[in-house]
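Position chains G and H relative to chain S; hints supplied.
Chains as they are written, first to last, in the numbering used here: chain S, 1 to 405; chain G, 1 to 300; chain H, 1 to 278.
Among the hints, a few may not be true.
As the list claims (entries may be wrong) - Computed from the model, here is a short list of chain S residues facing chain H with C-beta under 10 Å:
{"no.": "1", "residue": "Gln-40"}
{"no.": "2", "residue": "Ala-82"}
{"no.": "3", "residue": "Gln-270"}
{"no.": "4", "residue": "Thr-330"}
Just so you know, these hints were derived from the structure itself, not from any lab.
From a predicted model like this one, the values you see are computed outputs, not experimental measurements.
Ideal Cβ positions, reconstructed from N, Cα and C, are used throughout, including at glycine.
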Amino acid sequence: MKRRTFLQLAGAGALAAPFVSPAAAQQATVRWWYHFDNPQNSPAELVAAFEKENPGIKIQAESIPWGGGSDYYTRLFASLVAGNAPDCAMVKLNNQAQLLQMGALEPLDSRLGGWAARSDISDSIWNVNKATDGKQYFLPVQYVVLYLYYRTDLFQAAGLQPPKTYEDFLAAAKALTKGDVYGFGMRGGAGGHDNWAPFVLGNGATFDKGGMVSEKALAGNRFYVSLMRDHKVVPPSAPTDGFRQIVDGFKAGRSAMVIHHVGSSNEMVQALGDKVSAVPVPKPAGAKGWTIFGDESNAVFSASKQKDAAFRWISFLSTANNNVAFNKLTGQLPVTTSSAATWDVHPKRFVEASAASLPAAGVLPDLPKTADFVRTVWPTSMQRALLGQITPDDMMKAVEAHFHG
Amino acid sequence: MTTASPSAAALRTAATPYLFLAPALLVTLAVVLVPVAQTVWMSLHDYILYRPQNVPFIGLGNFTRLLKDEVFWISLWNSAWWIVLVVGLQFALGLGAALLLNQSFWWRGLARSLIIIPWALPSVIIGLTWTWMYDFNVGVLNDLVLRLGLVDKPVPWLAQPTTSFYAIVLALVWQGFPFFAVTILAGLQTIGQELYEAADIDGATRFQRLRLVILPSIADVIMTALLLRTIWVANSLDVILVMTGGGPGYATHTLPLYAFLKAYSGMEFGYGSALALVLTALLLVVVFAYVRRAAKDLGR
Amino acid sequence: MIDRRSHLRRIVEVEIPVLLIVLFAIGPYAWMMITSIKPSAEISQWPVRYWPDQPTLQHYRDLLARTTFSGNMRDSFIVALGASALGLAVSIPAAYAFSRFSFAGRRLLMTQFLVINMFPIVLIIIPLFVLMRRFGLLDTHLGIVLGHSTFAIPFSIWMLTSYMNAIPRELDEAARIDGASRLQALRFVIMPVVMPGVVTTGIYIFVTSWNEYLFAMMLSGQSVRTVTVALQLFIGEFTVQWGLLTAGGTLIAIPVTILFLFVQKRLVSGLTSGAVKS
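Extracted from the complex, chain S is given alone in its bound form (with noise of 0.2 Å):
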């Protein structure tokens, strides 16, 4: 008690400056934090752009480091506990739940009713980023769909096409794994459920109560681990790669597969060159399958003070040419429709690979514990079902009492 009204106390003087210059309330400044993936690249000139749009409003653009999402999401987290939280920010899905549940995040249906551009936009798109309450919250700003990458010039050599079918990938696998070639990169360490997804969530597992330990949830999970404990055609470090292991594995020449989004394209094409094209991801024969849909959008923060500043900025980013220009610098797709037919950034297989993705795309559900759950229940389980310490379906059990144990 004694604690807190020191603490109140020293807060005081602090939140006494803003009174100190009333003056200077016509000029509105946003606080907005990003993180790109590329330092060199920097938001300014959408900024100069905006401000020059905007006279009345300045942005202050933050770049917060990602460290796997942790540290961003430490940051954003103890600004929003501290009071300190920027007026807007990029987010993501995995943490939507957890930020609306702590009453952070400003509804923007209204605001977006009276937005021009909103149309531009598909309806898929907005309602994956729908919250669970029927609002948005969510303002798209990118995206990518996870896909297939494949080595062209092997499977050219072996006589195979890039396969469809979950029969069709483990016949590739096999057929191409041989000396320092593994047929799949497979991802095991952080993140790797966006690999595991579409053989599991694919084959029929959900997220409901049961979903993860009915008899298709489970044989698709056997199905995954086999590939590394029976059948070997994934490298044995797959139980700790992360993307960057299995990105510098498929450059490098180590496999012939790995599950990755456009995002890596340029890079691959650099060192591979027309080696490598790309095609969705494995399914069911017959079935739609499943794949996942890396999403990324702008919130506006319930705390900020510059709402309505705070809006128009995120939802300049995501109107047509500012939307090319900011995926420009982040090497992720357009949310709006305009610009996908003069995108260029990427090489046009791999974008028309993402496309045919998307209508077998979907995201985690909108969980507080989905967060936990990609973070360490997913990567533990997993790694000790490919390492043998677990039954795959022990692995599939752990999952389901995490969501509903």
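Then chains G and H, alone, in the frame of chain S:
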């Protein structure tokens, strides 16, 4: 000095040590006390960061949960083994390096500076560099052992439970041995030349000189360095986090890492704080044993 | 003949082992340095290429011209120097008190400093963040320096106390008899003798602060950002900028190494040549 009554003088004398201590106490308490008090508070609640409106008091609930948590026990044993190995090897290598670098040879200054390098790098860089060297597909270490004919196919160093733990230990030993080398080297300078000379006159062998003259004179420095390093290693998690994130499975889970994962990926700050407090309590036991010994020495 | 044999013996017994240790110490660093001069396309290849066909300084140019790295180096310097200065300034008197006085609560206080050190930083970081925010210290050099003092001060006090304990008490008692005050005794008698310890401790704080990430990440912002945080920006969600990262890693070790090259002489010249003999 003005004329002070004897009692005032006595008071002043009694107060002197506290005056010397005051600045250090002020700074550390201000920065640490509040956060630590808050951690204790959190450990008694079911505190989940994204649920700030609903923080029930659960008493020792987090602590009883922890006793039944299989991962806690795995992490605890990993931590114990980890501390012994890392600190022991860092010390052995550091002591050896310090004794050698205390000899005179023409490039001693250069050698002293070069062995500092591992210590001069941030943990993140160290973690990434070693992961990069251990890499199964393109790592230099696999290339080297293949070329040397030590193995006939690459080894997935970080993906096997048998090797991942030791692979990280090696990276940590590399990072930390310069600390011991430098600290002990500085300690060696406090030994007067005449001690060496006396030992030489008595015809002591070099090993006797090390055991009977050198080590006892720097025992205090060594013990303190060991103690501080133990605490540091016990709490460090960044290199593990970068290299394996605790995997594969639980193979490289240590207590601070587990507390970190609970706190930041599950947002379970209550449980994470309880884990951290248990770690602190266990360290306290070590520290008390040491402080008793040190106090005895000081009281001589 | 004797000369040559002892020379040979020194090579076998000292120089070769030292060489091995030095190789172990710089091996991974050297590998990082080589990686930093490889063109991007040659960085991940199998079989491993040990030397690039066309070494390039492109990553260094990008690092210095197109990122904020050089400004971040300056911030790191200020923070590390500040942490060393603050740490030593408050720890030297404290260590002196612990080493030379016996007073009530001494053991408790000494233990207290260790307990502070024992707390996993990751869990105090959010409360600390809130605290710093209250005092308006977020995104300032002072805020990070204070954060680093949580580990710098306890460490320095303990190390310095043990170095001071190694100095015979007769030394400052003699000075006291000659009429020196406590402060004078500390300043003119103890300090010169304990200098190697002070230098080591100062280096320790500097290095630890220079390399520290978590405090720096949480407490920094746009205006103050240390190199460790800047380096982390090269590790994105979907790409690692290996070229920039290894170039940055190579540069980051240089100031500390050069610093040590200069101060390591102090390690030798402190006590052996100083007061104890006389």
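ask   = What hints, given by number in increasing order, does this structure fail?
value = Going through the list in order, the structure violates no hint and respects every one.
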